[in-house]
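There are 2 protein chains.
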Amino acid sequence: MYVTKVNTDLQRERDNCTFNITELTNILDGGAQKTAERKLREDTVLKQLYNTTDVPAIYLSHKEKYEAAVKKACAMFQMIRKLQEEENAGMENYQALLGGSLGSAILGDGNPITLHYVMFIPTVMGQGTVEQQAYWIGRAFNLSIIGTYAQTELGHGTFIRGLETTATYDPSTKEFVLNSPTLTSYKWWPGGLAHTANYCIVMAQLYTQGKCHGIHPFIVQLRDEETHMPLPGIKVGEIGAKLGMNGTNNGFLGFEHVRIPRDFMLMKNSKVLEDGTYVNAPSSKLTYGTMMFVRVMLVNDMCNYIAKAVTIATRYSAIRRQSQPKPNEPEPQILDYLTQQHKLLVGIASVHAFKTNADWIWNMYNNVTSEMESGDMERLPELHALSCCLKAIVTADAAECVERCRLACGGHGYMLASNLPVMYGLVTAACTYEGENTVLLLQTARYLVKSWQQASSGNTLTPTVSYISRVGNGRRSPPWDNTIEGIVEGFFNVSAGKIGLCVAQIEKRQKSGMSYEDAWNMTSVQLISASEAHCRAIILSTYYKETQELVKTVSAELKTVLLQLVDLYVVYWALARLGDLLRFTSISERDIEQLQNWYENTMSKLRTNAVGLVDAFDIRDEILNSTLGSYDGRAYERLMEEAMKSPLNAQPVNESFHKYLKPLMQGKL
Amino acid sequence: MYVTKVNTDLQRERDNCTFNITELTNILDGGAQKTAERKLREDTVLKQLYNTTDVPAIYLSHKEKYEAAVKKACAMFQMIRKLQEEENAGMENYQALLGGSLGSAILGDGNPITLHYVMFIPTVMGQGTVEQQAYWIGRAFNLSIIGTYAQTELGHGTFIRGLETTATYDPSTKEFVLNSPTLTSYKWWPGGLAHTANYCIVMAQLYTQGKCHGIHPFIVQLRDEETHMPLPGIKVGEIGAKLGMNGTNNGFLGFEHVRIPRDFMLMKNSKVLEDGTYVNAPSSKLTYGTMMFVRVMLVNDMCNYIAKAVTIATRYSAIRRQSQPKPNEPEPQILDYLTQQHKLLVGIASVHAFKTNADWIWNMYNNVTSEMESGDMERLPELHALSCCLKAIVTADAAECVERCRLACGGHGYMLASNLPVMYGLVTAACTYEGENTVLLLQTARYLVKSWQQASSGNTLTPTVSYISRVGNGRRSPPWDNTIEGIVEGFFNVSAGKIGLCVAQIEKRQKSGMSYEDAWNMTSVQLISASEAHCRAIILSTYYKETQELVKTVSAELKTVLLQLVDLYVVYWALARLGDLLRFTSISERDIEQLQNWYENTMSKLRTNAVGLVDAFDIRDEILNSTLGSYDGRAYERLMEEAMKSPLNAQPVNESFHKYLKPLMQGKL
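In order, the protein sequences belong to chains A and B. Mapping of the first sequence onto the numbering used here: residues 196 to 864, in sequence order. Mapping of the second sequence onto the numbering used here: residues 196 to 864, in sequence order.
Errors might be hidden in some of the hints.
27 Å max Cα-Cα, derived DSS-like pairs, lysine-lysine [to be verified]: (1) K754(B) with K800(B); (2) K854(A) with K840(B); (3) K266(B) with K840(A); (4) K200(B) with K430(A); (5) K854(B) with K840(A); (6) K200(B) with K854(A); (7) K430(A) with K706(B); (8) K703(A) with K800(B); (9) K242(B) with K863(A); (10) K706(A) with K521(B); (11) K521(B) with K406(A); (12) K430(A) with K857(B); (13) K277(B) with K857(A); (14) K840(A) with K430(B); (15) K521(A) with K706(B); (16) K840(A) with K242(A); (17) K706(A) with K800(B).
Just so you have them, the derived chain B footprint on chain A, three or more residues with Cβ under 8 Å [said to hold, decoys possible]: (18) 238-246; (19) 347-359; (20) 379-390; (21) 423-435; (22) 519-525; (23) 723-730; (24) 781-794.
Think of the hints as simulated: they come from the structure by calculation, not from any bench. Yeah, the Cβ is synthetic: ideal placement off N, Cα and C, and Gly gets one too.
Sequences are here, hints too, so could you generate the full structure?
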């Protein structure tokens, strides 16, 4: 797409930018070389797969949306296959196409084949024996079969032990019999399950020799490879329209005594021998790995969405003009309003804060997994606790941020062509999948309470919770230090204080006669708050510390801006959590008024570079896919151009006039 | 719909309810007689108009959605016309069908003819001369013509003076010439404008004798009455797909020098004489009335949506079971988790709080308008300020509440068949239309700052801001009183304190050399916070006081529950605004810990009656329109039944398999 004339307001913003945009882009990509690779990848993929001539998906029926998604997904995987053949299919290409923003530029509302790569193949590799891998992986990589992964059931989500689907071993035929004993045991939600996949990994309760051994993975063929017809005993279909992701083809699946060979159970860990003897798994902790990996990846994904949303809203705010606060002056750009800056700038800062944290936890994840491979499981619970709360807070913040950006665009943000509603649909889904946020925060809370108790018994704590013993001893805190470092320290005080209060509450309730479980439940609203406080402290601290290191290596101009972003982000959260700071630190009213002015002045400083900062995210128009946010700022022209693509506008008079309106108006209905 | 077997968990909840549900329903309706009337109205309308055999709208294309909406809207207005002929069309019937939940049960995603009744007819009546009313109203009531109302333009929203469409008087032909000089001057958004209405009230800059006289209303014919073809010079069409309301047929409209007769300008207030002389309006304050009316009505509407969302989520939480906190016990109902009660119960209380406030401001509105009719405009600014902040806070809270309910239903809340996503689309739209919330809060802030300055000069303040002079003198407040009354008083202290800080900030900035406008802008984030604090204080105080009166007239059992709801709501907000209370009152850490326990214990008490409380909202299954929330609690059965209605499930193999998937899998793509 060649760039036509740029909106003059937007051009002036760029002219006024005080730093080198490319320098920041390169940092965000991980170096100039990575930027070049990304751009090349985008060029190649979009040239082949991006299509502007189809009717936009927002006008299609649910069924047409699926059919369009299959068409595009097949073209995409055909391309990936070609890259494989050219031995050019690096991890980054996969990731960009399957999870990243490049993939969503092509399949904006979900990809029905993603789970084949993201869950089916990895599960066979992680849980299949060498023989099973040899049997399945070739055909799967080759796309001769398309698989998915079915765990969640109609009546059972996060609590995996409650799943009802059974796989009963029959030694007489050496087969497992899969069965769905109830309506609530139907598999429900897996992507691609409805009409796309012909194979599936099914998580089911394993029964052998009359005994249940819990949840295990089984490969089941769902559909005939030639005709695609569901096999006998397989009840499969789609679950219906959703808030978003209507291209993913989420399905349901029920079994009526479906038989599969014994070796279709994935047996790398646990086994069932031919005679039905169950052989136990060596370690169940290994499965934590995948869950953590997905959550860590999600944090990165969320950064992409926030960056897109804030790019759209910031550019639009530079070209939109409204009101006339000063008589005889023109209407200001809405970006000049402090209330608008308040909605947008924290979003820009969040991208940097979360990206820094994503890199940091990614390193930690790699360290821990390599420790695990050498048998050292010590830091696993810590990483698990961290990945839980980080996933919960980042997805929740991302959803709020995308929605705030949408509302900041006024009525035009409500148009699907702004792309903001679609993005919200994708981001808010992440608050529920891969562990529902409330459940995850309570898992982190369990770790925090345990850490507090260990600290009380004088034990040394793992690094990310070590502050508990440092500050957790007394409730009164040191003199308040009204600097970024002081605020970050204050957040650790808050977190430690909240954990301490929770522990005291639980103990008090137990002493009054409650069971531990009931005392925990009655304290759970406070526990969630403690868990959030812990996560905020970690995010702020990591962002602050890592940026201190980063700015040593950048130009003076960029350094100024990066440090302003840290100021903005940390002071924003201090003001948002004043109640906590007042309770658990010695911050004064005078400090608060200073913080407020600090926040307002930092916004004014950053306003100059707002457009430059979102330009640095370097998101192509095809990926933004938004009437409001394109690089040239021609928002009004694009709104009209997109409206003209509505099939309703193809005819001046809709047939419903003749059928209903005219008879109504002429009293002949 | 006959009720089949009720889910046993849900039945047990009802058996355990401690109060008489019908008693509460009658109170909410305004008496047993009103309940009976509502039920009769629902029976009549739903029997005639509710249709379960069509393909659900969620599966249709954008174009099909519009066509289905026209069909249903025509049937609805045909029914209204019949009621008119039977002289049976009371205000309440109109309201229920056009704005209320009954209308949305039939036209779930918007009604393309609503603005004809809600804006076109009222504007002709309010702004037309007697002759103009005689000419237009008969045909409009009779539906011989269908009108809409076009104000907002592509480039201009809240700031009405900025509109660009021109209406220039030509005395030589005694006509106005309507013109759209730019792309941004195109009308954009009006409901029904795209393909439904054939007439339109257009707000345009009036030019006569070479001078602009500002915005005035003109009636323009858009389409031929017989053929429905757009008339020459009229550029009309639809603006495209949106987050919600895809049945409303929002349109754009441009004029290429379109001529209309002089008397198509609505001239009750201002006039243009035949020779082009402009005669000024007697009063422009009268137009405030309509805006305030719509905002007051909106508060009521929002109550309906919150009630629906919380009914769905509460019933679902009673039938959904998850996890196993205690070994050897069954999975608990998720309603038993305090974190779930935290998400739902405040929603139930919000319905009562907002309904009380809606009734209260409705009385105030009626008093003020009757004062205005006798020439007394004194309380108009106060009512305006109040309606602005109440609209902003209630719509924002409602959106958050509906979304919280959706997320509280986990993955199943993401299904469109839960109806929660569709409701969110409707509710969040209200945060933008009828005055964007940030803009409205700043309007209230202007009144608050003015009131503070008047109090400083020793003037008496109007009733709803009189607390400013009462508490605004000193920053230090009286000893904290840890009761509901004390908390409410504390919120007034917070509001007064924040207003005072804003005034001081603005003055300080002016002294440092800023203009008033710039000082205002730099303080605007704090001003919004002050405006919100004012509104919270009013809402809490009104809810508390009115309930004290109400409970004098109810049974002892119901009184207990209604007072628990007030406790819950007030303590919830105290805990949510602890930072403010700590800054502006003398609340202590000990008080806070007591409040926290008070909140937790009140939730435990209300949990018993949660299902009874939502049953008392008495929302029929057809109006809830939700797989998760129906009265019988058969959520899983309904999820499966609704899934089977997806057109994708009509065939076992989708044609995209043969076209794309199979060639991909066989390497022949």
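Going through the hints against the structure:
no. : hint                 : in the structure
1   : K754(B) with K800(B) : holds (14 Å)
2   : K854(A) with K840(B) : holds (26 Å)
3   : K266(B) with K840(A) : holds (24 Å)
4   : K200(B) with K430(A) : holds (26 Å)
5   : K854(B) with K840(A) : holds (26 Å)
6   : K200(B) with K854(A) : violated (41 Å)
7   : K430(A) with K706(B) : violated (75 Å)
8   : K703(A) with K800(B) : holds (20 Å)
9   : K242(B) with K863(A) : holds (22 Å)
10  : K706(A) with K521(B) : holds (19 Å)
11  : K521(B) with K406(A) : holds (22 Å)
12  : K430(A) with K857(B) : holds (21 Å)
13  : K277(B) with K857(A) : holds (17 Å)
14  : K840(A) with K430(B) : holds (15 Å)
15  : K521(A) with K706(B) : holds (19 Å)
16  : K840(A) with K242(A) : holds (22 Å)
17  : K706(A) with K800(B) : holds (21 Å)
18  : 238-246              : violated (count 0)
19  : 347-359              : holds (count 9)
20  : 379-390              : holds (count 6)
21  : 423-435              : holds (count 7)
22  : 519-525              : holds (count 3)
23  : 723-730              : violated (count 1)
24  : 781-794              : holds (count 5)
Hints 6, 7, 18 and 23 from the earlier list are contradicted by this structure; the remaining hints agree with it.
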